[in-house]
Amino acid sequence: MNENAKTPAASQDDLFRFIDRDAIMSEKITAPRYSYWKSVFRVFFRKKTNIFMLAVLAFIFIAAFVLPSFWKYEPFENVTKASTFNLSPAKAVAKFGASPKWWLGTGSVGNSIMYGILAGAKTSLLLAIICAAINMTIGILLGAVWGYSKKFDSVMLVIYNIVANVPYILLIAVLVYIIGSGFWPFVFALTVTGWLPIAYFIRTQVMVIRDREYSLASRCLGTPVRRVVIKNILPFLTSVIVTVLAQELPSYIGAEVFLSFIGIGLSASVPSLGRMIQQAQSAFMTFPWAFWPPVAVASIITIVLYLMGQNLADASDPRTHM
Amino acid sequence: MLKRILFSVFSLLVVIMIVMLLVYTAINRNVIFQTDDTWNKKSNNDRAIYEFNQYRKYGYLTFVDYTNFLQKKYKPIYGEEYSSSKEFIDDKKAISEAKDYDELIANGNASVQEFIKQYKDKGYEIKFYPKIAFKTGKLKPGGTAYLLAIEEKSVFLRLWDYIKGFFTVETTSMVKDPELKASDRGLKLEKDPYSGLFAITGSGTQHKYLLYFENRFPFIRQNFIHINLGTSYTTYRGQEITTVINTPTGLPVKSKQQYPLAIQNNTGEYVNTAIDFHSLTYNSAVVSDIEKTQYPDKYTVYSFKRSGLSMMENSFVIGIIATILAYLIGLPLGILNARHKDKLTDKMGNAYIIFIMAVPSLAYIFLFAAIGTRVFGLPYKFATAKKPILGYILPIISLSLPSIGSLMKWMRRYMIDQMNSDYVKFARAEGMSEKEIYRIHISRNAMIYLVHGIPASILGCFVGAIITERVYSVPGVGNLLTVAINTHDNGIIVAVAAFYTLLSIVSIILGDLLLARYDPRISLNSDKGGGR
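Protein chains in written order, with my numbering: chain A, 1 to 322; chain B, 1001 to 1532.
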């Protein structure tokens, strides 16, 4: 025992003084300081791969959002010069000079693949962020109400069961077909029912926590509903929400690529990765430089977003903070 | 259960209605003429009439032509020669003389007034196309005057028509031909000269052969119940979708066959023809003299025997093999990875799962295509395969690899969830070997979660795979929707929507039944209190 080891020194009285017992302080429970978000980031940055991926993501963001404003993508600048069509990187550099614009060769109308990818990546990222923001906001808010109110639940379940039967692709395809294929109509098509699965998922989670003992106890003690939702339920949902976000963000990029590929995606006036892939796919064996770079960029963005999201979701689960 | 089925039918109807509402009201309807040659050849008023005829055919509207109205009016009075009667000619002239609608009303021919009043009261819209003529007075091509009464069809009426036409059951009173006497109508079980076996044939029914055997899959075919999902407008002009997806896509195949009359009279006369005599349907028009020497009855309308598989069969063959492969490979791999958690195989499996989950499907399908063609020398396009069977390999691989990934992921996840449960610890305490625990306890319990998806993955094969079929140019069902959307083929869009929805509803119900069968603890009856 530690006290016993110190006894020889304790004989010297003047080293000690009496302290009054503080009645108020003794009521407080001392616990190590714990900040949720600090712990989340501590766990997140413990993994070296996360720092690397964050760097890759930062690089992609800067490249996609800053560079296109200096390097304007003009797909039809060489449309009249047939000699510039489908040039391999080496030939394009030989023809135009060593500007980064031509490092990846030219496409089927003499367009710069490099600039096209940067502009397309910007569209893809913007689309993913906007759609995720809209769907997540509506999904979480409605899902929370849906899970909490039993009346709302019975109505929403009928709607959900009907809409869930419509194949997602069909719905988007029909909507894009009807309202056109610009950037904003496309966002609308992806969000008009996109929030429903998220809301349904959140509803189930809310229902589970709503009936947990601690929530019931708070309610018995007369805590108002708003406080129960904010203090009891929402913190529990944080890691669930991050997990959903990790799956949602890359899925919109994939959806854009897929829909553009089957010919119902964004219109020709909006530069996008999906469209570049679709245009290059028929000759992907003969002109691989026009096909693989946009595929690779789309894949890298989705992989990095997915992995980082997964790791952030792991880190936001309080059980990993020990 | 009955409640479930009723709700499913209800939601199917709602889905069809939503799609119809979207497709028919929000899209400019004249896009169906963009690729129509007949429309291009017609001009002036004839073109307008052709458009209305097509709209009527595709269920947009109903309309009555003034000439038809006159025909109905005078036929009972003058018989077949009504068109040379004075009243008829005068009444017809009334519309060709008027320059516009106001003049037509002002001139006040009695029949015109009657027509307009009768249909205006019914809520029809009256449209007048005055004659278009050269300065010399000669009519321009297609310049005849027309007077029409048009009624737009509401969505509900269109939905009702669609549902009414969904199932057709063949009856012996289907053919409305007075030449066919009631005593001749009926069903017969007789020897089928074309298959060598027996067949049920009908007289008075639309099809001659109602149940027959064939030498190709599924060997037995029926024409009793006919499902009509809708009619194509543009891509397969005027054909029914069910016919389109069930007809083999190859070229007609000729073989030595006998005409029905030759068989009946036992002439022994063979012809080299591709006619599929099992497909004979009733000819309600006039039977030609040649046909009279070939057929004993009026069942003379046929289709050809074609080689290859139908669109549906192509999709299904690829899909079902890929699904079976995915279950055979994915489940054991998932079990293996769960057993050796955090070992090398598990890490490799996880990397694969992340690759499949995160990378857009398009990217890895093309990657497989490139590897398959470059490294293994497999054919890239389905049709260019030297041996037809080689063309199936890459699509099957492309389709099965992602499902392997997802099955592996879920199997591993559920296995790990089960590994810490009490019954596993108990089994271990009982002294069961690890192998037995995994085989008997854990994998069976983990399978519970996966059983529900089996019907969906099997029925999903009928829908086809959009990207895979497009990349390898497989003639399958998967492309139907995208082609329909790009060609504005509303009929196919509604039909495919109905088909997809029907399959997804059926597969969810089948999944529930299978689940209840696999795990006796689960009860589908909510009032029994078994539902967890």
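To be clear, the hints were calculated from the coordinates, so they are not data collected in a lab.
Hints should not be assumed to be uniformly reliable.
To be verified - A few chain A residues that face chain B, going by a derived Cβ cut-off under 10 Å, partial list only:
hint	residue
1	Ile24
2	Met25
3	Ala144
4	Val145
5	Tyr148
6	Phe152
7	Ala164
8	Gly182
9	Ile241
10	Phe258
11	Gly263
12	Ser267
13	Val270
14	Leu273
15	Thr302
If you're wondering where the values come from, they're calculated on a predicted model, not measured in any experiment.
Don't be surprised by glycine CBs; every beta carbon is placed ideally from N, CA and C.
We went through each hint and held it up to the structure:
1. Ile24: Constraint on Ile24/A not satisfied, violated at 45 Å.
2. Met25: violated, 42 Å
3. Ala144: Result: violated, 24 Å to nearest chain B Cβ.
4. Val145: violated, 23 Å
5. Tyr148: violated, 21 Å
6. Phe152: Since chain B brings no Cβ nearer than about 19 Å to Phe152/A, farther than 10 Å, the hint is violated.
7. Ala164: Holds, because the Cβ-Cβ distance from Ala164/A to chain B comes to roughly 8 Å (cut-off 10 Å).
8. Gly182: violated, 16 Å
9. Ile241: violated, 19 Å
10. Phe258: This hint holds: Phe258/A lies near chain B, its Cβ roughly 6 Å from the closest one there, short of 10 Å.
11. Gly263: With a closest approach of 5 Å, the Gly263/A hint holds.
12. Ser267: violated, 13 Å
13. Val270: violated, 18 Å
14. Leu273: For Leu273/A, the interface hint holds, since the closest Cβ of chain B sits about 9 Å away, which is under 10 Å.
15. Thr302: holds, 5 Å
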